[in-house]
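Student: Start from the sequences, fold in the hints, and give me the full structure.
The primary structure of each chain is shown beneath.
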Amino acid sequence: MTGLTLTHLRVLEAESIHILREVVAEFQKPVMLYSIGKDSSVMVRLAQKAFYPGRIPFPLLHIDTTYKFREMIEFRDSFCADIGAKLIVHTNQSAIDAGANPFDLGTQKCCGLLKTRALLDALTAGGYDAAIGGARRDEEKSRAKERIYSFRDTHGQWDPKNQRPELWNLFNSRLGPGESIRVFPLSNWTELDVWQYIHLENIPIVPLYYAKKREMVVRSSTLIPVEIDVPLLPGERKEEVMCRMRSLGCSPCTGAIRSEADTILKIIAEMMLFRRSERENRVIDFDQEGSMEIKKREGYF
Amino acid sequence: MSSPTQDIFAGIDQFLKKDEEKDLLRFTTAGSVDDGKSTLIGRLLFDSKGVYEDQLASIQKATVNESAGAIDFALLTDGLRAEREQGITIDVAYRYFATPRRKFIIADTPGHEQYTRNMATGASTANLAIILIDARNGVLSQSRRHAFIASLLGLQHLVIAVNKMDLVDYRQDVFESICEDFRGFAAPLSVPDLYFIPVSALHGDNIVARSERMPWFEGASLLHHLETVHIASDRNLSEMRFPVQLVVRPNQNFRGYAGQVASGVIRPGDPVMVLPSGRTSRVKSISTFDGEFDRAFPPMSVTVCLEDEIDVSRGNMLVPPSHPPQVTRCLDARVVWMGNQPLELRRQYIIKHTTQLVKAQVRNIRYRVDINTLERHPASDLKLNEIGAVVIDTHSPLFLDHYGRNRATGSFVLIDPVTNATVAAGMVTGRDPRVAGGVLEPDNVVVEADRVPAAGRQARIGHPPALIWLNGGAQLAYALERDLFERGYLTHVLAAQTDGTVLLEVARNMIAAGLITICSADFLYEVERERAHALLGAEQFIDCDASRFDTPEAAVAGVVSELHTKGIVPAS
Ligand SMILES: Nc1nc2c(ncn2[C@@H]2O[C@H](COP(=O)(O)OP(=O)(O)O)[C@@H](O)[C@H]2O)c(=O)[nH]1
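Residue numbers (numbering that gives the first Met the number 0), protein chains in the order written: chain A, 0 to 300; chain B, 0 to 571.
Since the hints were made in silico from the structure, they are not lab data. None of the values given here were measured: they were computed from a predicted structure. Just so it is clear, CB atoms sit at the ideal spot from N, CA and C, and this is done for glycine as well. Among the clues, some could well be false.
[Stated by the list, open to error] Calculated lysine-lysine pairs in the DSS-like style (CA-CA distance at most 27 Å, straight line):
id, chain 1, residue 1, chain 2, residue 2
1, B, Lys21, A, Lys144
2, A, Lys211, B, Lys16
3, A, Lys67, A, Lys211
4, A, Lys144, A, Lys108
5, A, Lys237, A, Lys212
6, A, Lys144, B, Lys382
7, A, Lys48, A, Lys108
8, A, Lys48, B, Lys17
[As the list claims (entries may be wrong)] Distance windows between CB atoms, simulated:
id, chain 1, residue 1, chain 2, residue 2, range
9, A, Ala80, B, Ser321, 17 to 23 Å
10, B, Gly203, A, Gly125, 48 to 54 Å
11, B, Ser312, A, Leu104, 35 to 41 Å
12, A, Ala80, B, Lys16, 38 to 44 Å
[What the hints assert, rightly or not] If you want a taste of the chain B side facing chain A, the calculated C-beta under 10 Å gives, among others:
id, residue
13, Ile104
14, Leu152
15, Met272
16, Pro341
Tutor: So, in structure tokens, the structure goes:
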């Protein structure tokens, strides 16, 4: 290898920065979807790099379902304050007022109202023409074909048959009236790349990713956090378990895994050992085979 | 005793440091339906442990295709619900795996009628293409197509994987004869690196490890080849190009130009010229979040500050004053048509080239390539999945290099301003008819001076210039001249002189003047003929060996018809 070769992480970084800059140059009013998770942390770091020494030129939008972990909200507020980013929080308040929760509605319907609907409303309200999201193609089989620039019709819906070919690094950002776009600068990153980059760059992440003793409901092989009152099934009780979250969603719908990994290095080691798909413990994905894709068509991503 | 987990923790720091140093290889895969592409990719993902356990578990839950035994590798790469319902895959899908030596990104393009568009898309970002061939069927017209598209998109490395060797008893002669066939037709495509490998995707022969069932094969396994193929020097590191994406100006004290290095190396102190203004300055610093860098090279994303306060905006390009690209409003290119509506001449499109968006029109289609035979045909439009050579006029100047020399500054897409669809992928063939003879013009005469533009010259004359190399005597040359002149071409005979260099120089000037130049030269000028042909390319060079024709009239008619084929038609 010559001295003029970049490592895979630096190539991914450079390409993601290129994408973020294109978005800012070519769209009127971009926004970054900030989910507080590790991918969001990486995305924010890339945005800091892209516009350095300037500030991040778009706001971060968090869709708060009100079922997020307390540690997530604390992290969100201090992280955004530290880096001086503008944060917008949006909640589907009328659905919350009407009592929306995953136990009565089921996860699909609940996500539909508190995430998908809330996101579409927030994007419309803000008049954003480009929403930058942290989804990766390796997350799920159906995402393998997702474009980096993913077009949404006037209803915010995704049509798998009507996407534009993406060649070289030449992105077509032209929109018709009312149309919008989701941009996924981390498309080519894998979960391992994300963790390695967090390690390399020393990027702060929500402590829930690290193992510690937490109170859980043990339901067959799944650990359900007790942040809010989970209705117990017969024979179940709360237990202290050494565990951590592999991905962060709403507390009732995010499973934990038993783990001793309390540092980034240990998390990476654990990943390499167990090689479980990242979303295994995210209850929503198991609702229905191909459920992710239905959500995508409806505008969840 | 320590647990395996602890051992890993102990070694992980070192291991990770090394793992984070891996480089990246992107490849695309091509094959006809049922050649075993999905199986091969599934095998690579699986055997390199890139497939997570529970994805496998969920596949086993969803399995429909029982024929392939325990694990249907093809299902690992299956995707969208609609496609699953129809039993086909539609588009380019990206897959990821890694080994301790490299990270890989596969652009998987399924073979069916959308093939050309998809493969071109997948190949546009790839370093290498794997072309699958079914050992039982040998080289089919599809394989030629795949190799052609790969070469069109500038891939330097092809791996020809002859699959299903188990079904031909792992026979060496079958493999060898396929290699020979393939080499035969791939020769004119000039892909520098071809690697042939016999495999069985289903049984894993020669995929990760060398197969014991084919001891006669002495090469490396597929994975080993992918891990070690040298790609670092495929990039252009000699001619610096820095398309400006954004001007970064957070306060009075800082003004920088953000962009991704397209080619070459930038260092503080380097002289740079800003295109299109032509203003010059020096690089003051390369500024990043991670501090100041002492150099930047592709594909780094950095911010460049200049010594002088000069006007620079998005769409401008920083280049070395000594090696600028072509600055032009007219370009020759090969395009892959991707729109549902065919290309229309003189309709307005938008060209996206580096960080520029510019209005553009297709002036002329030189020819369409029949992708199965590689023959060139005259064409008045290009339809979805067709490939052709075109002349494009743009509203404001682009800063171009030949695609073969610079993928970043030689590539563009065309956008339909009505539907906003991306309708074509383009590769600049570097010739600029505006500067007359194109490549005959030395490359360093580029920045637009106040010369009469060749486009204007051409508009007045009514047709582009061309060189007709005529081996048949002066009398025939003058007959041809008269005939062409009467048809409305502006033409002139150049009778060969003794010195070949002078001959070429005079020819260059006549072409620069916009003339259809008839060069009457015999076989003694074979070297010059070849040079002129190489320099001008097939679009502007017509070779007429009169001995092929029965009568002088037939020779004249032959030349006229070729002028038509190449789209060099006088205004009527
Ligand atoms: N015997 C044999 N069968 C193979 C091999 N590779 C693939 N196949 C079979 O060929 C068929 C088509 O394979 P698939 O991977 O779906 O082809 P694709 O259409 O190119 O993706 C399947 O039934 C595979 O099991 C091989 O190396 N040997």
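Student: Hints first: check each against the structure and report whether it holds.
Tutor: Here is what the structure says about each hint:
1. B:Lys21 to A:Lys144: Status holds; Cα separation ~25 Å.
2. A:Lys211 to B:Lys16: 26 Å, holds
3. A:Lys67 to A:Lys211: OK: Lys67 (chain A) and Lys211 (chain A) at ~19 Å, within 27 Å.
4. A:Lys144 to A:Lys108: 26 Å, holds
5. A:Lys237 to A:Lys212: Holds, because 12 Å separates the two Cα atoms, which is no more than 27 Å.
6. A:Lys144 to B:Lys382: Holds: Lys144 (chain A) and Lys382 (chain B) sit about 24 Å apart, inside 27 Å.
7. A:Lys48 to A:Lys108: 38 Å, violated
8. A:Lys48 to B:Lys17: Satisfied, since the Cα-Cα distance of roughly 24 Å is no more than 27 Å.
9. A:Ala80 to B:Ser321: 17 to 23 Å: 49 Å, violated
10. B:Gly203 to A:Gly125: 48 to 54 Å: Holds, at about 52 Å.
11. B:Ser312 to A:Leu104: 35 to 41 Å: Roughly 51 Å apart at Cβ, these two residues miss the hinted range, so it is violated.
12. A:Ala80 to B:Lys16: 38 to 44 Å: 32 Å, violated
13. Ile104: 6 Å, holds
14. Leu152: 9 Å, holds
15. Met272: Violated - the Cβ of Met272 (chain B) stays beyond 10 Å from chain A, reaching only about 22 Å at its closest.
16. Pro341: 17 Å, violated
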